[in-house]
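Asks: Take a look at the letters that make up each chain.
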Amino acid sequence: SQQGEEDPQALSIQEGENATMNCSYKTSINNLQWYRQNSGRGLVHLILIRSNEREKHSGRLRVTLDTSKKSSSLLITASRAADTASYFCATELSTSGSRLTFGEGTQLTVNP
Amino acid sequence: EAGVVQSPRYKIIEKKQPVAFWCNPISGHNTLYWYRQNLGQGPELLIRYENEEAVDDSQLPKDRFSAERLKGVDSTLKIQPAELGDSAVYLCASSLSNYGYTFGSGTRLTVV
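Going line by line, the protein sequences match chains Z and Y. With the working numbering as the guide, the letters of the first sequence map in order to residues 1 to 112. With the working numbering as the guide, the letters of the second sequence map in order to residues 1001 to 1112.
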């Protein structure tokens, strides 16, 4: 079963705009991770945020985590056509050891 | 540094035939995962290895799926016999503790 749920399922924006994707989960977590997947390729790890952290930055990426609401958001600033991909959040649960559970992803399209 | 290497990249087989996938993780990563990803969905864990030991195989359909990780390095995942519903992308990943996973490019299996 899927632990995380991404919102929206699909997002289409123009180059230069910001893209925000949200993820909700159900149970206590050790950490939450965001991955990108280009069509027909494997997943690429973007950023990991631990349960005791609230915000993390990496280049044009900003991730927030609200454990009280069991939600996270991924913000991509100044988007580029090359950012077009599917984005997945994945949670490592407190009780599952080292197992990542993925959501169903958000398909982001950045139009030139 | 080479990433996680998987082969073959694509496989088409008839139902009831056997099939095997191979994975070479990143050197030094003691944890190896096999995930299955259906079209339009997030990956789902099949099995996790810590070195040679399968520590989480609760979601592996054991009637037809098997896996091994000899000497704690390379791993193979086998399906025998394959069914139409097994068509999916099979992803291998490896990790060090407390950090993100590195995924291979996957094997796209089509059962006809």
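Please keep in mind that the hints were generated in silico from the structure rather than gathered at the bench. Treat the hints with care, since some could be wrong.
Said to hold, decoys possible - Pairwise CB distance ranges (calculated): (1) Z:Asn-18 to Y:Lys-1071: 42 to 52 Å; (2) Y:Ser-1007 to Z:Thr-109: 24 to 34 Å; (3) Y:Pro-1018 to Z:Lys-69: 20 to 30 Å; (4) Y:Lys-1016 to Z:Glu-15: 40 to 50 Å.
Since the structure is predicted, the reported quantities are computational estimates derived from the model, not experimental observations. The beta carbon of each residue, even a glycine, is placed where N, CA and C say it ideally should be.
Asks: For each hint, tell me whether it holds in the structure or not.
Replies: Tested hints:
1. Z:Asn-18 to Y:Lys-1071: 42 to 52 Å: The hint (42 to 52 Å, Cβ to Cβ) holds, given that Asn-18 of chain Z and Lys-1071 of chain Y are roughly 47 Å apart.
2. Y:Ser-1007 to Z:Thr-109: 24 to 34 Å: 31 Å, holds
3. Y:Pro-1018 to Z:Lys-69: 20 to 30 Å: With a Cβ separation near 47 Å, Pro-1018 of chain Y and Lys-69 of chain Z fall outside 20 to 30 Å, so the hint is violated.
4. Y:Lys-1016 to Z:Glu-15: 40 to 50 Å: 49 Å, holds
Checked against the numbered hints above, the structure breaks only hint 3 and satisfies the rest.
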